[in-house]
Amino acid sequence: MTLNQYCSFAVADSLYGVRVEFVQELLRIQRMTPVPLAPQAVCGLINLRGQIVPALEARERLFLPARGEGEPSMNVVLRSAAGAVALVVDSIGDVIEADDAKFEAVPETVAARGKEFIVAACKLDNRLLLILDAVAISDVRVSAGETTQHAPSG
Amino acid sequence: MDEIVGEFVAESRENLDCVEQELIELEKDPTQAARIATIFRAIHTIKGTCGFLELHNLETVAHAGENLLSILRDGTMAFTAEVATVLLELVDAIRNFVVSVEQTGKDGEQRHSSLVARLNALAAGEPLSASPEAAALMAAEPAQGSVGAPAEEPAMAPTKVPAQKKKRNYGKGRTDQLGSDVSPAAPPAPQPVKVQPPPPPVVEPVAVAVAPRRPPSTPPAEPPATAARQSTTIRVDVAVLDGIMNLVGELVLARNQLLELTSSQVRTPLALTCQRINQVTTDLQGSVMKTRMQPIATVWNKFPRVARELGVQCGKRVRVDLNGSETELDKTVLEAISEPLAHLIRNSVDHGIESPEKRAAAGKPVEGRVNLSASHQGGHVVIEIADDGAGINVERVKSKALEKGIVTEAQLAKMSSQEVFRLIFAPGFSTAEKVTNISGRGVGMDVVRTNIERIGGSVDMHSELGKGTTCRVRLPLTLAIVPAIIVSSAGQRFAMPQLGLQELVRVRRNGQGIEHVHGAPVYRLRGRLLPLIWLTDVLDLRRTELSSKLSDCAGHILVLQVEGGTFGLVVDEVTNSEEIVVKPISDILSGINVYAGATILGDGQVALILDASNLVSRARVAQVKAHRAELDAPPAVQVTDLHSYVLCAAGGESRLAVPLDQVERLEKFQSTSIEARSGRAVLQYRGEIIPLFGLQDGCDSASDLRDLADGSGRIHTLVYREGTRRVGLVVSRIMDVVEHDARAIQHGNEAVIGDRVTAIIDLREVALRACPSLQGPEAIDQFEVAS
Numbered sequence: 001m002t003l004n005q006y007c008s009f010a011v012a013d014s015l016y017g018v019r020v021e022f023v024q025e026l027l028r029i030q031r032m033t034p035v036p037l038a039p040q041a042v043c044g045l046i047n048l049r050g051q052i053v054p055a056l057e058a059r060e061r062l063f064l065p066a067r068g069e070g071e072p073s074m075n076v077v078l079r080s081a082a083g084a085v086a087l088v089v090d091s092i093g094d095v096i097e098a099d100d101a102k103f104e105a106v107p108e109t110v111a112a113r114g115k116e117f118i119v120a121a122c123k124l125d126n127r128l129l130l131i132l133d134a135v136a137i138s139d140v141r142v143s144a145g146e147t148t149q150h151a152p153s154g
Numbered sequence: 001m002d003e004i005v006g007e008f009v010a011e012s013r014e015n016l017d018c019v020e021q022e023l024i025e026l027e028k029d030p031t032q033a034a035r036i037a038t039i040f041r042a043i044h045t046i047k048g049t050c051g052f053l054e055l056h057n058l059e060t061v062a063h064a065g066e067n068l069l070s071i072l073r074d075g076t077m078a079f080t081a082e083v084a085t086v087l088l089e090l091v092d093a094i095r096n097f098v099v100s101v102e103q104t105g106k107d108g109e110q111r112h113s114s115l116v117a118r119l120n121a122l123a124a125g126e127p128l129s130a131s132p133e134a135a136a137l138m139a140a141e142p143a144q145g146s147v148g149a150p151a152e153e154p155a156m157a158p159t160k161v162p163a164q165k166k167k168r169n170y171g172k173g174r175t176d177q178l179g180s181d182v183s184p185a186a187p188p189a190p191q192p193v194k195v196q197p198p199p200p201p202v203v204e205p206v207a208v209a210v211a212p213r214r215p216p217s218t219p220p221a222e223p224p225a226t227a228a229r230q231s232t233t234i235r236v237d238v239a240v241l242d243g244i245m246n247l248v249g250e251l252v253l254a255r256n257q258l259l260e261l262t263s264s265q266v267r268t269p270l271a272l273t274c275q276r277i278n279q280v281t282t283d284l285q286g287s288v289m290k291t292r293m294q295p296i297a298t299v300w301n302k303f304p305r306v307a308r309e310l311g312v313q314c315g316k317r318v319r320v321d322l323n324g325s326e327t328e329l330d331k332t333v334l335e336a337i338s339e340p341l342a343h344l345i346r347n348s349v350d351h352g353i354e355s356p357e358k359r360a361a362a363g364k365p366v367e368g369r370v371n372l373s374a375s376h377q378g379g380h381v382v383i384e385i386a387d388d389g390a391g392i393n394v395e396r397v398k399s400k401a402l403e404k405g406i407v408t409e410a411q412l413a414k415m416s417s418q419e420v421f422r423l424i425f426a427p428g429f430s431t432a433e434k435v436t437n438i439s440g441r442g443v444g445m446d447v448v449r450t451n452i453e454r455i456g457g458s459v460d461m462h463s464e465l466g467k468g469t470t471c472r473v474r475l476p477l478t479l480a481i482v483p484a485i486i487v488s489s490a491g492q493r494f495a496m497p498q499l500g501l502q503e504l505v506r507v508r509r510n511g512q513g514i515e516h517v518h519g520a521p522v523y524r525l526r527g528r529l530l531p532l533i534w535l536t537d538v539l540d541l542r543r544t545e546l547s548s549k550l551s552d553c554a555g556h557i558l559v560l561q562v563e564g565g566t567f568g569l570v571v572d573e574v575t576n577s578e579e580i581v582v583k584p585i586s587d588i589l590s591g592i593n594v595y596a597g598a599t600i601l602g603d604g605q606v607a608l609i610l611d612a613s614n615l616v617s618r619a620r621v622a623q624v625k626a627h628r629a630e631l632d633a634p635p636a637v638q639v640t641d642l643h644s645y646v647l648c649a650a651g652g653e654s655r656l657a658v659p660l661d662q663v664e665r666l667e668k669f670q671s672t673s674i675e676a677r678s679g680r681a682v683l684q685y686r687g688e689i690i691p692l693f694g695l696q697d698g699c700d701s702a703s704d705l706r707d708l709a710d711g712s713g714r715i716h717t718l719v720y721r722e723g724t725r726r727v728g729l730v731v732s733r734i735m736d737v738v739e740h741d742a743r744a745i746q747h748g749n750e751a752v753i754g755d756r757v758t759a760i761i762d763l764r765e766v767a768l769r770a771c772p773s774l775q776g777p778e779a780i781d782q783f784e785v786a787s
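Chains as they are written, first to last, in my numbering: chain P, 1 to 154; chain W, 1 to 787.
If we strip away everything but chain P, and leave its shape as in the complex, we get (with noise of 0.2 Å):
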């Protein structure tokens, strides 16, 4: 039986999560060392206890409007085939049980960008949890050609 537990977090006003199966750990942010040329989703390698992981910006990664300066942040530090990872998000919210009847495919009609990311929609009492691929969005050479193409339009 698999436990249709997904962890939640708050980025641009909206919920998403992840199977907690994914989820290594949560940080408060770090210190970030910049890596220059890199896709702009990357916003720096932190110091995980001795081992090197990437940091990308769930903003960046979902197309939503760029976090504010100073604005809270909080690292969500996924597993993915490449190793840890860490996604930057706004907050971090429960740990959430759900069972299939709630959820539901994401709508055709959706057709913003970043919506390949988004594998189902589950719908919570008064709100949506939009659970993500943990994997394709660790993984920035995945759309890096999207995101490339996309930084001169926009």
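If you're looking for bench data, these hints aren't it; they were derived computationally from the structure. C-beta atoms are modelled at their ideal positions from N, C-alpha and C, and glycine is treated no differently. Accuracy of the hints is not assured; some may be wrong.
[Unchecked claim] Each pair of labels, with its calculated beta carbon distance range:
# : chain 1 : residue 1 : chain 2 : residue 2 : range
1 : W       : Glu-664   : P       : Glu-71    : 44 to 50 Å
2 : W       : Asp-661   : P       : Glu-69    : 41 to 47 Å
3 : P       : Asp-13    : W       : Val-517   : 53 to 59 Å
4 : P       : Glu-71    : W       : Gly-723   : 47 to 53 Å
5 : W       : Arg-454   : P       : Glu-25    : 29 to 35 Å
6 : P       : Ser-14    : W       : Gly-604   : 31 to 37 Å
7 : P       : Glu-25    : W       : Ala-254   : 20 to 26 Å
8 : P       : Glu-25    : W       : Arg-506   : 42 to 48 Å
Once you've looked at the hints, dock chain W against the given chain P.
For chain W alone, coordinates are given in the frame of chain P:
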């Protein structure tokens, strides 16, 4: 003795388990040659030890199995279900022997002769349809003729076997035997044992000599010669060693942090303790490093055979000599160089060594020689691959490089022959086209170079026409912990490994000593021009302020030796030197090749490790692009290099230049003459009302502009005219009109004019932005009507 037997039993069981698993996997996918090799090694190990324990019956069975496996491994026979069955039976038989050995110390009276017969039959390529007895006969028969052929041993003469076995397995000069024993002319006799490669000196897990060094060519089946020797050597799984290495890496980092924290303390107990920890850590690091060291023989013992077989294919006679096989290198380095070295040797044999006829005609010995040597030199390992072949024709290399567009004729003219040989390693030097027309070197030579440089090594080639070619590979001893210097640029710290770093040069404030060759900055280093690149430029680092690249920089030049020459990398500061532990940066960033990894500095922060050669090639690409763009530019730009610019001060320290031909007039007005009309600053000028604007967005109101007035209350204005309409750009001060080479403009809009970085402004663009009504159909209509 009991101890040895116990070890043999344990080891054999382990090996048998492994064989069984591998056999099963193989049956699922018979193409996996690596599995056959594993099985072969395991059986070989068992057999080898039998010789010493005088377990002749077991040895006979294992030997028959080994024969079959070696044929399978060579790929001349397919791995069928039938083969699998017999081999699994072999495993069972050996298991029985092992049980007997465990209980009695002897292998008992069991012979398993029918199994041996079937193994031999399979090895001889015969079907097993006949009864085992018949097969045994058939197997025995063809073997009768050839003396010492292994096929006859297991069936008939167990007593004869041990002596012979010992000799074959542990005798010295095994590689020589391989080299001379089988001449190319000899027909490929069906003697699997004779053409077996030397046993790989290590089995997985790698046997590591912890205390005493073993002779490098020790075969895997450690001969239990003396009990004392056994007790000083233990087998350790490589993964355990890797784990220890990682921990030591962490320790080194913690030590660095500790030293930094206590650097201000002198002679306190804490400081003294830290010193002690420092020392112990260094020693520990050295010791752990040693456990991972393996003689280079582990990699290149296979080369004589590779060369021989390739020689046979090409109809050449080649002999490979190995010198310095005991030279030790870190396991990771060894793994990384195995392929590049093999490539270089294949090149030597394939293209370097001539055919016997040609050699005879040239008065050389018919047998070509490839000499491999390895030695330690100043903290590095230098490997040389030298052949006495035809050598490389420098002129052919030159024409090839020209043809491929790698260099220009002018560049070639200035190159030393050493530099010309380096072209061979240039990407694109050899493509799909046959390369043998330049004596062949080049197939994937850039790949060889890349692979060697990836681990911080370098490769050089030297050749004398008619005499031979020498390839020199320089490698670091280890990859895990490297000495590096910590530099910073634009406020960010980076680590630059000291390998390839030749010296540090401090540049005086105001950039004295930096000159330009056609716009490209160079530094005169002891009379030679050193091309400079700025770290901030290569990495697109944003400069902290609009600080001048040259005039304000009291920077440092790192003089780097990379493939293709010496370069100066300009950084803002050199902080200190530190032993850094190289950690990989995440796979998701692997596309950026200017970093060799990352490390954690003394203060716990992550720093990126720079890869000198990729950094330089990136800078070079950028320069070439700039150069191309220049060539593609309209001829007008090319013909008149020198453009006149109006040099202005634009508030604060910043300076800007406007092309003179865009400016209609330079004017100075009393600031009081600025008027405000519907929120805009305007000026009456030659009977016309012209809008005024400043350079900073949102600072275009009349009062803002009045603030720009100089000491005598006048405002300096550049008047721009589009058609009949005019606008005025207000600056702090009009300084000068200068001539400047348009091609030296960098980044599209910056140039160094009079030692200062100056922004080049397109007046038309600025004017249209401030006053969009200048353009558009109305404006054009008006213009047409007016004229």
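- Task: Report the numbers of all earlier hints that the structure fails to satisfy, in ascending order.
- Result: none
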